[in-house]
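Colleague: Sequence:
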Amino acid sequence: MSLLDDMLADLTGGDESRAESAALELAQLGESALPALKALLASSKADHRWWAVRTLAQIPGSDASLFSAALSDSSVEVRQAAALALAEHPLEEAAPFLVRALSDADDLLGNLSANALIAIGKPIIPILLGAFECESSSARIHIMRVLAELRDYRAIPIMMKAMESDSAMLHYWANKGLERLGLDMVYIKPE
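Numbering (my numbering), first residue to last: 1 to 191.
What the hints contain is simulated information worked out from the structure, not anything from laboratory work. Keep in mind that the hints are not guaranteed to be accurate.
Said to hold, decoys possible - Across the chosen pairs, the derived CB separations fall in these ranges:
| hint | residue 1 | residue 2 | range |
| --- | --- | --- | --- |
| 1 | SER74 | GLY13 | 51 to 57 Å |
| 2 | LEU181 | SER17 | 45 to 51 Å |
| 3 | SER21 | ARG154 | 41 to 47 Å |
| 4 | SER137 | LEU29 | 26 to 32 Å |
Backbone N, C-alpha and C fix where the C-beta goes; we use that ideal spot for every residue, glycine too.
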């Protein structure tokens, strides 16, 4: 058995501390570990897929499209790891997958996906603006948080509209976004 095989056995053996050590060692191998880690992404065991994503996230220059694909995994833990990895390896092409993940029933995945969208930055503003009305109420709150963090003037109309919302969280993030843009004095149109 080779050293790589030993590390992979430790990674997938079920012992958390050995798996963590193996993940760090595999990450240090860099590109030579990629084929084996990519193969683990196709494993029938969610734990193996999770460790593959976690390890790939530690390798500089990892193919971030692998994380985009993992956002559709059947395991919520793998999806969470993928969103966290995309925050470390921002990829503009992952934005539609991350926006979809904002509607996931798992709120942690929504938060991690929002963080990844923030890491991608302003190029995704048009995607967020387009998705805002189509998404669930929880996704709209996450989208508004991302827009508030990115501080882009293109979001002002949606932020102003959200100020009229019954959702306290949506109102909070819209107000935060307007404050960050220096527009915290909101005028109400008299009836």
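Colleague: Taking the hints in turn, state whether each one holds.
Modeller: Hints, one by one, checked against the model:
1. Between SER74 and GLY13, the C-beta spacing of about 22 Å breaks the proposed range 51 to 57 Å.
2. For the pair LEU181 and SER17, the supplied restraint of 45 to 51 Å holds, since their beta-carbon distance comes to about 47 Å.
3. Range check, SER21 to ARG154: about 46 Å between beta-carbon atoms, so the 41 to 47 Å window is met.
4. Separation of SER137 from LEU29 is about 44 Å and departs from the stated range, judged on CB atoms against 26 to 32 Å.
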